[in-house]
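S.K.: Letter by letter, the chains look like this.
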Amino acid sequence: MSKQELDTRAAKSLLAIAEAWYRQMKAGEIPYITLPTRTKQNIAFDDQTEVWKYGERESMRSASTEKSAVHLLKMAYVIGFIRQQLRENRSSTLRELYYITEGWKRAKFETQDESNYLVEDLEILADIPREGFHLRPEEDGAGVFGPLRIRESTRRGERILHCRDDVGESGYQIPNNLETVELLDHSAKFVVAIETGGMYARLIENGFDDDYHAILVHLKGQPARSTRRLLHRLNEQFHLPVVVFTDGDPWSYRIYASVAYGAIKSAHMSELLATPEAKFLGVQPTDIRVYNLPSDQLTEKDVEALKAELTDPRFATDYWKKEISLQLEMHLKSEQQAFAARGLDFVTKEYLPTRLADMGVL
Amino acid sequence: MDNALDACEEAGALPDLFIGIRKISEDVYRITVEDNGPGIVPAQVPFVFGKLLYGSRFHQVRQSRGQQGIGISAAVLYAQLTTGLPTVVISRTDPKEKAHRFELAIHVETNEPHIVSEKEIDWDRTHGTRVEIELKTSLTAKKRLLEYLKYTSVVNPHARLMVDVDGEKLTFERVSADPIACPQAIQPHPHGIELGALKRMAEASPAPLGEFLVNSFSRVGKKAAADIGAAAGLEPGRKVKALSADELKRLHAALQSIEVPAPPAAQCLSPIGEELIRQGLDKEFQLDYVKARTRPPSVYSGHPFVVEAAIGYGGRLPAEDRALILRFANRVPLMYQPGACAITQAVSDVNWKQYGITQQGLPMGPLLVLVHVASTNVPFTSESKDAIAAIPEITKEIDLVLKDLGRELKQFLSRRDRRKAQDDRARAICSIIPEIAAKVSEIVEKPLIDTSPLEGKIMHRVVAKKWTADGNVYLSLRNYTEKEVTLSLYDLSPDEGAGVKPKPAYMDRAGDEYTRVWQVKLAPDEGWDASYRGKGGGRIDLRGVEDTQKVVVDLDV
Numbered sequence: 078m079s080k081q082e083l084d085t086r087a088a089k090s091l092l093a094i095a096e097a098w099y100r101q102m103k104a105g106e107i108p109y110i111t112l113p114t115r116t117k118q119n120i121a122f123d124d125q126t127e128v129w130k131y132g133e134r135e136s137m138r139s140a141s142t143e144k145s146a147v148h149l150l151k152m153a154y155v156i157g158f159i160r161q162q163l164r165e166n167r168s169s170t171l172r173e174l175y176y177i178t179e180g181w182k183r184a185k186f187e188t189q190d191e192s193n194y195l196v197e198d199l200e201i202l203a204d205i206p207r208e209g210f211h212l213r214p215e216e217d218g219a220g221v222f223g224p225l226r227i228r229e230s231t232r233r234g235e236r237i238l239h240c241r242d243d244v245g246e247s248g249y250q251i252p253n254n255l256e257t258v259e260l261l262d263h264s265a266k267f268v269v270a271i272e273t274g275g276m277y278a279r280l281i282e283n284g285f286d287d288d289y290h291a292i293l294v295h296l297k298g299q300p301a302r303s304t305r306r307l308l309h310r311l312n313e314q315f316h317l318p319v320v321v322f323t324d325g326d327p328w329s330y331r332i333y334a335s336v337a338y339g340a341i342k343s344a345h346m347s348e349l350l351a352t353p354e355a356k357f358l359g360v361q362p363t364d365i366r367v368y369n370l371p372s373d374q375l376t377e378k379d380v381e382a383l384k385a386e387l388t389d390p391r392f393a394t395d396y397w398k399k400e401i402s403l404q405l406e407m408h409l410k411s412e413q414q415a416f417a418a419r420g421l422d423f424v425t426k427e428y429l430p431t432r433l434a435d436m437g438v439l
Numbered sequence: 022m023d024n025a026l027d028a029c030e031e032a033g034a035l036p037d038l039f040i041g042i043r044k045i046s047e048d049v050y051r052i053t054v055e056d057n058g059p060g061i062v063p064a065q066v067p068f069v070f071g072k073l074l075y076g077s078r079f080h081q082v083r084q085s086r087g088q089q090g091i092g093i094s095a096a097v098l099y100a101q102l103t104t105g106l107p108t109v110v111i112s113r114t115d116p117k118e119k120a121h122r123f124e125l126a127i128h129v130e131t132n133e134p135h136i137v138s139e140k141e142i143d144w145d146r147t148h149g150t151r152v153e154i155e156l157k158t159s160l161t162a163k164k165r166l167l168e169y170l171k172y173t174s175v176v177n178p179h180a181r182l183m184v185d186v187d188g189e190k191l192t193f194e195r196v197s198a199d200p201i202a203c204p205q206a207i208q209p210h211p212h213g214i215e216l217g218a219l220k221r222m223a224e225a226s227p228a229p230l231g232e233f234l235v236n237s238f239s240r241v242g243k244k245a246a247a248d249i250g251a252a253a254g255l256e257p258g259r260k261v262k263a264l265s266a267d268e269l270k271r272l273h274a275a276l277q278s279i280e281v282p283a284p285p286a287a288q289c290l291s292p293i294g295e296e297l298i299r300q301g302l303d304k305e306f307q308l309d310y311v312k313a314r315t316r317p318p319s320v321y322s323g324h325p326f327v328v329e330a331a332i333g334y335g336g337r338l339p340a341e342d343r344a345l346i347l348r349f350a351n352r353v354p355l356m357y358q359p360g361a362c363a364i365t366q367a368v369s370d371v372n373w374k375q376y377g378i379t380q381q382g383l384p385m386g387p388l389l390v391l392v393h394v395a396s397t398n399v400p401f402t403s404e405s406k407d408a409i410a411a412i413p414e415i416t417k418e419i420d421l422v423l424k425d426l427g428r429e430l431k432q433f434l435s436r437r438d439r440r441k442a443q444d445d446r447a448r449a450i451c452s453i454i455p456e457i458a459a460k461v462s463e464i465v466e467k468p469l470i471d472t473s474p475l476e477g478k479i480m481h482r483v484v485a486k487k488w489t490a491d492g493n494v495y496l497s498l499r500n501y502t503e504k505e506v507t508l509s510l511y512d513l514s515p516d517e518g519a520g521v522k523p524k525p526a527y528m529d530r531a532g533d534e535y536t537r538v539w540q541v542k543l544a545p546d547e548g549w550d551a552s553y554r555g556k557g558g559g560r561i562d563l564r565g566v567e568d569t570q571k572v573v574v575d576l577d578v
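If you read the protein sequences in the order shown, they are chains C and L.
Mapping the first sequence onto my numbering, position 292 (from 1) lands on 369, and the numbers just tick up by one.
Mapping the second sequence onto my numbering, position 70 (from 1) lands on 91, and the numbers just tick up by one.
Isolated chain C (complex conformation):
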């Protein structure tokens, strides 16, 4: 969907919410909204799209108590504000929105969490991602490096950029609103999503992208929405395989899960953000053993998290059962940069080619 289309749809959807309230009040009813219950208990795996979405449970919020009424009032104010912003083609951060509400008297937000949460509610109600409201998060997107050409429409006009030849060593910075970016063409065979900045820089320095025709994407820990959206689009538009390369501990497996299946906070957008075809590359517990990687003992929390993953339907495959059980048995974890113990080239010359061949990517 182009930016223009998204803007138009957003404006229309928001107006529809306001119009529903108008009709309700006109008919002598207390205005209300209906939303899926946003808790872990109401997250279900959608077999068709293979992503995690909100389940059947819905809760109605009507303005019949002071708290709910104030919530709807705030929502009305935010809708008014976003429509204004769309008309003027401007944008603001979630933090700015929080400050803008200062002047809204009773509709003023108490905390930033409140404004974030309300915007998420609006995304669900309007069925529009927040980029469509011209609202962006505080954190900047991560980087991408490799044989990929994009067109970004900026305030100063359109820019066509090659994500290796036209950018510096740190790559092209993914903008918060990926809807302003068009993916033009590429000469890649696959995409590697990398958890840490150190490993991302290592692969660039070693020329891995060039040698193996790979697009490298930096996840920066738990990936921001725009990063996940980029992976989704690279996979969907160019049918490129996506592999996820993280540390070898339970928290990193969850980073993989959010790339592949989606996160609870944004389950209403899973279809746009998740890449169900993404495969886990490593570090696998098996690798720790096979390559005799330098490792640390698991902490109590690590063990707890691993055990929780054993019961998590997202990890309910033979592969994960085997790997997690092995890790619990070894009681060890390793970081992805631990490969440096075998020399700085080891990861690009030995480990990745072997592992990618095993996975059938090379």
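I should point out that these hints are in silico values taken from the structure, not numbers from a laboratory.
Keep in mind it's a predicted model, so treat the numbers as computed, not measured.
Just to be clear, a hint being listed does not mean it is correct.
[Claimed, not checked] 25 Å max Cα-Cα, derived DMTMM-like pairs, lysine to aspartate or glutamate:
| # | chain 1 | residue 1 | chain 2 | residue 2 |
| --- | --- | --- | --- | --- |
| 1 | C | Lys185 | L | Glu466 |
| 2 | C | Lys103 | L | Asp577 |
| 3 | L | Lys441 | C | Glu143 |
| 4 | L | Lys478 | C | Glu96 |
Dock chain L against chain C, hints included.
M.R.: Here is chain L on its own, set in the frame of chain C:
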């Protein structure tokens, strides 16, 4: 203080106490306690204050405060040992007599009073006693001291306490003009007698065993006396004075073993009473709710006792903290060792959650729990008399009274929650929905929705509103009830009210504040509007209709 309150009670007087604490030097304080009790006859004064364990009331079986303290003569001794100064006692028993002023100390070797000086003086009290003791101490526990006084005042609402803590003056006013009926001493109950006490009684009695038992114990008749004698293997004609130590032991065991009715509790106990506890708590704590309950008297091991309790809620009590638990034994606050006390234990053993109170061991929230145990012999866990022992009979009574009060509290809380929910709804509908309507109408670019039909449909109340727009203040009334109402609308405002219409029935000005009152009669569904030029501010109120039937909203706030 305890002695002073007891003395007033015995004389049937309303206590008027003065308690003074004054710093004399770095670590020396002069403590003064003065009462308007019956006074002490001059011949007795040296013994009461100058002889340890003199205890004029030691062996009486009745409820008294004096059981708790260290004893006034011990205080005299403490002063003497720390500062070397004698204690000053002034006492007067009758307006016709002069007051006597003593300076007293104790001969430590012989435990006999040492009269340093004695003279007759003029004194402004017609009767009463004043004691001045100078001792080494500090004011580090001042907070506790003030709490002690406050709590004492709660359970002695018939007393006025004037306090001067080193220049800081406080008065705990009395709220009840009825002096407490003084508890009457009763004979000891055979089940409650201690061996030592039995020995002393026997030594002092010229009577034979049978007569001794009937005359010296409560609830013991001829039949029971014969049974006791038989159980102890003692002839009824034996002189008790001549009984051997071993025989007394057998007699003591026999006294415990026979069945006799419970002792008469009513005359020897003096519970505070539900009404006075309520008044006492109301006076010292501003509460939204307070209920007190006095249980019927009961008995443990031959000792009569009665439990009373009260629960207070809301007001200025801290909303997040643990409940405030006030413990009393014979009207004296227990300040220390709450964890060791049967009262604290009983409070945390109650399942407060079923009464709508959160609980982490102790109940939490803006809650006050008062428990008073009155007995002829309050069982303490130790000599320091800080905590009541967990006697099953007493614990059970505390549990019963707390559950009783808990159920009533729950009713209050659910009524309050319902009312809150209704008010909450009223505010949502009458004040916030109109704002939503205004904003939504603006967004959809359609005419402003009138939300008053919504109000009427849902509220069934009288709705009063005030708002400011374009330099005008608007007031409106709508009667959504099914009855005709006659109302007074009060408008207190900084605006002079130029161009007011309709004209108020009454107008007044006090300083910068103007008061306008309209009398309005409204049929069901009828409305009324007023306006004047102004900037808004101030407030409105509605009279003539019950709180549950009205909604007053200020749209400017």
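S.K.: Each hint: holds or not?
M.R.: Hint check:
Our distance criterion of 25 Å between C-alpha atoms is met by Lys185(C) and Glu466(L), whose separation comes to about 23 Å. Between Lys103(C) and Asp577(L), the direct Cα distance comes to roughly 24 Å. Compliance with the 25 Å bound is thereby established for this hinted pair. A distance of roughly 11 Å separates the Cα atoms of Lys441(L) and Glu143(C); the hinted pair therefore holds under the 25 Å criterion. A C-alpha spacing of about 22 Å is found between Lys478(L) and Glu96(C), which places the hinted pair at or below 25 Å, so the restraint holds.
Violation of the numbered hints given earlier is absent; every hint is satisfied by the structure.
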